[in-house]
Amino acid sequence: MATDTTAYEEMIKGLWRDNPVFVQVLGMCPMLAVTNSAINAVVMGVATFFVLVGSSFLVSSFKQWIPKQVRISLYIIIIATFVTVVDYSLLAMLPAIHKELGAFIPLIVANCMILGRQEAFASKHNVKYAVMDAVGMSGGFMIALFALGSVREILGVGALFGVDLFGSNFEPWVIMILPPGGFLTLGLLLLFFNWFTERRKQFLGKVAEADRAAVLGVDKNG
Amino acid sequence: MTNLKEISIQVQEPGSQRLIISMAVAGFISGIIIISIYMLTFNTIKENKARELREAVFKVLPDVSSMQKLHFVDNKLLLVKSDGMDDDMIFAGYDTKGQFIGYAIQGKGPGFQDTIHVLYGYLSSNRTITGMEILDSRETPGLGDKIFKDMAFVGEFMGLPMTKDIKAVKKGTKSQDNEIDSITGATISSKAVVRIINKAFNIWSPRLPQPGNEPALEIEETKKEANNG
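Protein sequence lines, in the order shown, are assigned to chains A and B.
First residue of the first sequence? That's 1 in this note's numbering, and the numbers climb one at a time after it.
First residue of the second sequence? That's 223 in this note's numbering, and the numbers climb one at a time after it.
None of these hints come from the bench; they were simulated from the model.
Hints are not guaranteed to be accurate.
Unchecked claim - Pairwise CB distance ranges (calculated):
| hint | chain 1 | residue 1 | chain 2 | residue 2 | range |
| --- | --- | --- | --- | --- | --- |
| 1 | B | Phe264 | A | Thr6 | 38 to 48 Å |
| 2 | B | Thr266 | A | Val174 | 12 to 22 Å |
| 3 | A | Glu119 | B | Ile242 | 14 to 24 Å |
| 4 | B | Asn400 | A | Leu189 | 45 to 55 Å |
Fair warning: this is a prediction, and the values are worked out from it, not measured in the lab.
Ideal placement from N, C-alpha and C gives every residue a C-beta, glycine not left out.
Based on the provided sequences and hints, a complete structural model is requested.
Structure representation (structure tokens):
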């Protein structure tokens with residue numbers, strides 16, 4: 001697989017075609033828990049980015065020394081180390097944000113998207129592809145977090161990144177920033193994403209048919 | 223037969239020794255990394271927390287320029303010089319001349335999601351709360367976190383007479399001096415703050431010395447220093 005795709009393609013697939021949230025439906029816990037405001041979502045995305053790229057790099061570099069039988073435990077050790085580094089750095093540099101994200105930073109360890117990428121990709125590909133894949137996947141994760149976080153903050157608070165959007169006449173939909181709002185928004189976004197993918201497939205199918213018809217028509221005429 | 227044996231040896235799984243060694247090495251390296259990041263950030267984190275606490279003390283006690291930490295042991299308030307903080311410690315605030323002004327008292331209790339950690343300023347001379355600050359909370363963003371973001375709510379604790387337990391009432395129905403208008407949509411969090419303050423008040427009011435007998439200022443921990451450190 002790695003031989004016939006470029007590193008660029010490995011990166012781009014995570015953003016859209018194999019988006020970890022909208023297509024693979026992975027990493028749902030942080031997805032639902034920290035997306036009640038756009039800034040929380042972005043910080044969570046950046047933290048996940050750092051952890052995923054770092055662990056993919058290490059796993060891919062050391063893959064021939066990692067015995068198959070204990071690989072999962074070793075991946076978790078690597079991931080947990082990165083998460084601890086992120087946790088303490090955030091606590092020292094951005095205490096206010098750390099306060100908001102609280103328990104969800106240590107829980108990045110349990111994000112199945114990260115472990116999934118190590119097992120499915122980084123352990124089977126060379127460093128360059130592994131890092132590109134990690135960049136793409138965490139980028140896609142960040143896009144999804146941001147989409148959910150901004151929708152929930154706009155509807156639930158009437159603001160984006162803390163900037164008031166609608167003035168005092170807007171009555172915030174309180175439910176959007178509570179857990180049910182997370183499920184509702186995620187469900188609707190998944191619906192939209194699948195509808196869009198379906199439409200795209202149909203459209204491409206039609207284009208291909210038209211092409212075929214045109215080619216056949218040319219053949220007949222000729 | 224020998225062939226088969228050779229093949230089975232070739233595909234044999236690595237011995238448990240190798241597995242243990244690789245886990246141990248990974249654990250050791252990971253441990254070193256975690257210890258170094260802990261040591262690297264330890265001072266910053268400690269300073270952040272201490273600064274937050276000190277800033278909060280100066281916020282809840284207006285007109286205070288220096289403060290010191292007091293520890294309640296054996297029915298007496300004694301001076302503490304260490305950095306640590308526990309539930310039996312309060313802060314005393316003094317003005318520029320070293321005159322005692324009031325106490326900053328901490329309280330903890332369950333909120334809507336997790337423990338809320340409150341600090342409030344208290345003047346024992348006229349039994350008044352001078353301000354309230356939430357040190358730590360995990361209340362719902364956008365709702366429960368209004369207990370420190372909603373300035374109208376926080377402002378209600380400024381100059382609140384504390385002759386008896388305070389009560390949280392529905393927003394707009396405040397009629398007594400000891401009542402606090404709750405935040406719409408955050409009734410549980412508002413009530414929790416009030417309950418925590420009442421609890422801390424009831425613990426501390428018998429412990430505090432008679433007005434006029436407060437411990438004198440011994441350590442100079444000024445506002446300026448606090449801002450710099």
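Hints, one by one, checked against the model:
1. Our hint of 38 to 48 Å for phenylalanine 264 of chain B and threonine 6 of chain A holds, since their Cβ atoms are close to 44 Å apart.
2. As the Cβ distance of threonine 266 of chain B to valine 174 of chain A is approximately 36 Å, the hint placing it in 12 to 22 Å is violated.
3. A beta carbon spacing of about 22 Å between glutamate 119 of chain A and isoleucine 242 of chain B agrees with the range 14 to 24 Å that was offered as a hint.
4. Remark: the range hint 45 to 55 Å for asparagine 400 of chain B to leucine 189 of chain A is upheld by a beta-carbon distance near 48 Å.
Checked against the numbered hints above, the structure violates only hint 2.
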